[in-house]
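Peer 1: The primary structure of each chain is shown beneath.
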Amino acid sequence: MDAQPTLITSLPKSSTAYVFGSFLRSNSPRDLDVLIVYDQRLCAPSEAYRYHDDFIRQIQSVVNIDVDVTLLTQEEVKSSRFIENTDAIPFGDVMRRPSERSRRKDG
Amino acid sequence: MPTPPLNNWQVSYSMISFFERALNTHNKVATFSRTRDIFFEIELTNGTELKVLLVDEYTLGLAAIHRAQSEFPDMEVIVTGANWNGYTREAKEYGTGQNLGVFNVEEFLGAMNWSEPKKYCKRDSDGRPTYAYH
Chain A
1338 MDAQPTLITS LPKSSTAYVF GSFLRSNSPR DLDVLIVYDQ RLCAPSEAYR
1388 YHDDFIRQIQ SVVNIDVDVT LLTQEEVKSS RFIENTDAIP FGDVMRRPSE
1438 RSRRKDG
Chain B
6 MPTPPLNNWQ VSYSMISFFE RALNTHNKVA TFSRTRDIFF EIELTNGTEL
56 KVLLVDEYTL GLAAIHRAQS EFPDMEVIVT GANWNGYTRE AKEYGTGQNL
106 GVFNVEEFLG AMNWSEPKKY CKRDSDGRPT YAYH
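Quick note, the sequences are listed as chains A and B, same order. Under our numbering, think of the first position of the first sequence as 1338, with each following residue one higher. Under our numbering, think of the first position of the second sequence as 6, with each following residue one higher.
To be clear, the hints were calculated from the coordinates, so they are not data collected in a lab. C-beta atoms are modelled at their ideal positions from N, C-alpha and C, and glycine is treated no differently. One should not assume that every hint holds.
Reference excerpt, derived from the structure (chain B facing chain A, CB under 8 Å, subset only) [unchecked claim]:
{"#": "1", "residue": "Q15"}
{"#": "2", "residue": "S19"}
{"#": "3", "residue": "S22"}
{"#": "4", "residue": "S38"}
{"#": "5", "residue": "D42"}
{"#": "6", "residue": "E62"}
{"#": "7", "residue": "Y63"}
{"#": "8", "residue": "L67"}
{"#": "9", "residue": "A69"}
{"#": "10", "residue": "H71"}
{"#": "11", "residue": "R72"}
{"#": "12", "residue": "R94"}
{"#": "13", "residue": "G115"}
{"#": "14", "residue": "A137"}
Listed next, the stretches of chain A that the computed footprint assigns to chain B, with coverage defined by at least 3 CB atoms under 8 Å from CB atoms of chain B [unchecked claim]:
{"#": "15", "stretch": "1382–1396"}
{"#": "16", "stretch": "1409–1422"}
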């Protein structure tokens, strides 16, 4: 958790990150599912992985499980209702509040 | 500890095995081969050849398709390998414009019965197209 400020600052300012999937519900998650939403006007889809490479690498360096990254444009997130359908939580909230996982499991 | 990757798309061995079993039992598949762990060259019984990338994206988006095209320039079809997986409308529309088939696994197994697999779309009981949109 000490690495959290670095993780947040390595995310491009025009992008937002969320956590979804089993990490929010399980005591022993198999992987960490991360959604990164980017602005297609500032980052072409063809550049999206490279554009967010620092952030992805830093997540991988601080968690001891597989990290699955989904990269979607703002328009794709809206049309797919991804955040609503997966109950995704802002990345910063999850990293800042370790109790979030247990609270959600209990709830 | 994280599982050592056999491919850099985090496609599991079980998903690859499932896909291979489905190809082995599909009556329109003549032969197929697999390279780079997740890239399949499939020859159909009508002579059509398809170069297919198998991924495991819950929601296949534009960024993943561009990455796949960069890493597998010969790719003609991208399949996200579970029936609960899907793709965005934007990804499907991009694929249509690029003559690239974008399917989940159930759709792809249906597409191979079609004369032009890359253009296949599933239809509901009223004949209306349905897509695995997320």
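Peer 1: Are there hints from earlier that the structure breaks, and if so, what are their numbers?
Peer 2: 2, 3, 4, 5, 13 and 14
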